[in-house]
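A.B. asks: Chain by chain, the residues:
4 protein chains.
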Amino acid sequence: MSQLEDLVRDLVVANRILANEDVVDAYGHISVRHPDNPKRFFMARSLAPELVERHDLIEFDAEGEPINDKRQPYLERFIHAAILEARPDLTAVVHAHAEDTLPFGLVKQPLQPVIHSGSFIGGKVPVWDIRKKFGDTNLLVTNMAQGRDLAKCLGAGNVALMRGHGFASAARSIIEVVRLSVYLPRNARALLRAKHLGGEIKYLSQGEIDARNRGYSPYSTETWRAWEYWANKAGCSHLLTRPGSAGSHHEHGNRKS
Amino acid sequence: MSQLEDLVRDLVVANRILANEDVVDAYGHISVRHPDNPKRFFMARSLAPELVERHDLIEFDAEGEPINDKRQPYLERFIHAAILEARPDLTAVVHAHAEDTLPFGLVKQPLQPVIHSGSFIGGKVPVWDIRKKFGDTNLLVTNMAQGRDLAKCLGAGNVALMRGHGFASAARSIIEVVRLSVYLPRNARALLRAKHLGGEIKYLSQGEIDARNRGYSPYSTETWRAWEYWANKAGCSHLLTRPGSAGSHHEHGNRKS
Amino acid sequence: MSQLEDLVRDLVVANRILANEDVVDAYGHISVRHPDNPKRFFMARSLAPELVERHDLIEFDAEGEPINDKRQPYLERFIHAAILEARPDLTAVVHAHAEDTLPFGLVKQPLQPVIHSGSFIGGKVPVWDIRKKFGDTNLLVTNMAQGRDLAKCLGAGNVALMRGHGFASAARSIIEVVRLSVYLPRNARALLRAKHLGGEIKYLSQGEIDARNRGYSPYSTETWRAWEYWANKAGCSHLLTRPGSAGSHHEHGNRKS
Amino acid sequence: MSQLEDLVRDLVVANRILANEDVVDAYGHISVRHPDNPKRFFMARSLAPELVERHDLIEFDAEGEPINDKRQPYLERFIHAAILEARPDLTAVVHAHAEDTLPFGLVKQPLQPVIHSGSFIGGKVPVWDIRKKFGDTNLLVTNMAQGRDLAKCLGAGNVALMRGHGFASAARSIIEVVRLSVYLPRNARALLRAKHLGGEIKYLSQGEIDARNRGYSPYSTETWRAWEYWANKAGCSHLLTRPGSAGSHHEHGNRKS
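Protein chains in written order, with this note's numbering: chain A, 1 to 257; chain B, 1001 to 1257; chain C, 2001 to 2257; chain D, 3001 to 3257.
Same shape as in the complex, but just chain A (with noise of 0.2 Å):
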């Protein structure tokens, strides 16, 4: 009934899309900013993505510790809390270990759009090693100051490596870091497979990755499209609710695809 319900809804579709897409498993999860309080978001407690529903989400303060919620909380939701705080303009997260995009923050190669739908990555993506600031540790993301070093890393950018660990990605809205999420690991296979056969490769212009950024909404048709097919996948088509229509609150996007 509220943007705040739709949000919520939208969250749980998500962390179901990005289970059934294979892009997280047992570890990894998304947040979303409150709509109405920039200093507080909402995630999931700790849980695979797969099983999230909406009594599952908790509500957390600035600092990533949650409001009122007794129940386990993921361990890493600094990486939520940091970034968002680095990003205003950012309002949902998703930290995941998708395989393919492991090998590139292992060596120097970087990762960078070759494909169409991988220009949501921006130019090269960042690697970021908790080594470098923090020495031998875990690997996890486990405090602020972490998460606030990981923040820097990405910077100005959306998506970021964590190396031998997976990728920290954020977005304007719940749809575009899922499509953003989604893809990564696509544009990591196209390259990796186009790195086998040697030579040059033709990597997208800035000028092309402008283009298409320029051109998409969350709420496109084209944009709209994967986000009902990978919902329908995932068994979630029921919980859908497409901008404009009856019951939806959520900002009115520009519908010409």
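Calculated directly from the structure, the hints in this document are not laboratory data. Keep in mind that this is a model prediction, so the values were computed, not measured. Among the clues, some could well be false.
[What the hints assert, rightly or not] Computed, partial: chain B to chain A, Cβ under 8 Å:
1) 1107
2) 1109
3) 1157
4) 1201
A virtual CB, placed ideally from N, CA and C, is assigned to each residue, including glycine.
With chain A fixed as given, assemble chains B, C and D onto it according to the hints.
C.D. replies: For chains B, C and D alone, kept in the frame of chain A given last:
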């Protein structure tokens, strides 16, 4: 009951097969020329192919505009309009992002047939780079000018890769364009792996490609077997009509296997 | 009730296993020699192996011609006829296009056993290139002359790759040819990946290959376990008959594991 | 009701998880030491892990012989007997053929942790080659002499590759050996793909490996989350008992995540 009805039903089956065989996902589409009016064609409205039903089909004019239909069409319908325009000998077109084909659109190494089921590809597959003529774009074919440039690249062949995007394939019938589109990624995988092993690769010779193209018709037993198998896997076998059987109005093809 | 009945039922199970394990898809087939008449063999009519039932089986003569059966046989039945003719010591033949074997038929790097379950391959796998003797063809084995040339390439071994096409395997029993055919692609994958890592590769020694072939019989516990597992996965466990059990007329094998 | 009952139920769950996560298939097995008698252990009879139920379990003595049970045991039970004998600090052992680990047993390039979930591997994984001490064999561990040689290779570590065969892993608990066995192939894949990209690879440092092994206990929230997720995927969630919950007799672990 009529040839049009058979064609339209095959188009629905084809959508499901392409989705089930992972050639298309949320994105990708297939069209077929109107059997009675070469300046018209049919394709689904903007919807994931997996979900397409008979009532989702729209009739288009030669410029890719829907006729008497206000539903949202695919953004890239101009791929279909332009190829059908340039190639009066062909009746069906597929556009897909099938992952295994993507690397070959990024490098110099051409994709060409190495396995017998890849013979329908023809010789070396041309790569269409939208940047050549149109500079920095969002890589999508969003008007007839771009579609015609792609059709020019396709030339007299049956498939063209689209750099950083996917491929466009076209054939004399729905069955043949589906077969080509399903086997294109398989051939790509075999070639990629052969490159891993290193050394000289035995490609199909032009004589072998010609021998295979002479031998096959859309409704020969060997071709039908795959169509029936894929339709069964996609849950559509109840929609099949074998040529020559009761209720079928397909062209009588050469049934010799 | 008879040995023939058991054999025919195993042939149906084998078809389903090969399909479910992705050795075959729409294409590919398996035959078994008639237990009472070595100049006859059984194989399904032209149908995807996944769909084969008892009533789909056709009896063939030594030239690969159906006996008293007007249904369409597989085009490449001559592979089976010729190998069964050349190898009176073997009773079952498989032809398949299994993807992971394809690259090895295209390059100089031979496919040979690296993992213990690949020992049934024997030593280096010969590659049959139809072009050598028959020039440009559609690559299919469509007559006894081509089949006999393939059988010559197979020689005294159990498998031959068919350049740009797939492989043909043959063994003393249905269980063994299925096992060989399932493990051939697995061995191919392990070898391909070992080549990625680079450097010297430890192949199975001839002594190890011999030790393994001495140790296994079709109905030993270790072999039966895989057959039972695969049949169960393929939904056919109700069709299994363990040798020595009530209703079975299989040869009594060595049950020592 | 007792600790033994919990352990036995976990062993059934572990069998299903290893099968569902493709660590094992028809072949492969897991054992657990008897909680009250260190010279005894439990493991299923010779059966695919996917099919194992409580009543399939056999109790073994220290030499790998079944106690009062005439059913066929796994041929390679000596892997378990020997490792449990050599390592009184460990309680559970897995033997598997997981495909992605196979290449590393064939070449000089060692398998070592590159991703955080691979830290449980320890440092470089030793490769046991049965040929060194036993010459040409069928590669199977079929007696205590071979099992003890493998255990010597394992040394103080938690996993050893078995050349041309698979791996053996061992840990302090069922949950930990399952986790290690599931993540070993994942780490192998990441390392293989990083090698494709070329150049220097950032392995986990010994300090990172140590930090991670200090932090985890079998029943910490982060570890339990994966166990619960995998059990749910394998259809066994109804069999789970969380330590500290009603009906559980597991050791109380450190629940701090």
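A.B. asks: Hint residue 1157 of chain B vs chain A: min CB-CB distance below 8 Å?
C.D. replies: Not OK, violated: residue 1157 of chain B not within 8 Å of chain A, min 21 Å.
A.B. asks: Would the hint on residue 1109 of chain B stand, with a C-beta cut-off of 8 Å toward chain A?
C.D. replies: holds (4 Å)
A.B. asks: Holds or violated: is the Cβ of residue 1107 of chain B closer than 8 Å to a Cβ in chain A?
C.D. replies: Nearest chain A Cβ about 5 Å off; hint holds.
A.B. asks: Does residue 1201 of chain B meet its interface restraint, that is, does its C-beta lie within less than 8 Å of any C-beta in chain A?
C.D. replies: violated (12 Å)
Of the hints listed earlier, those the structure fails to meet are numbers 3, 4, in rising order.
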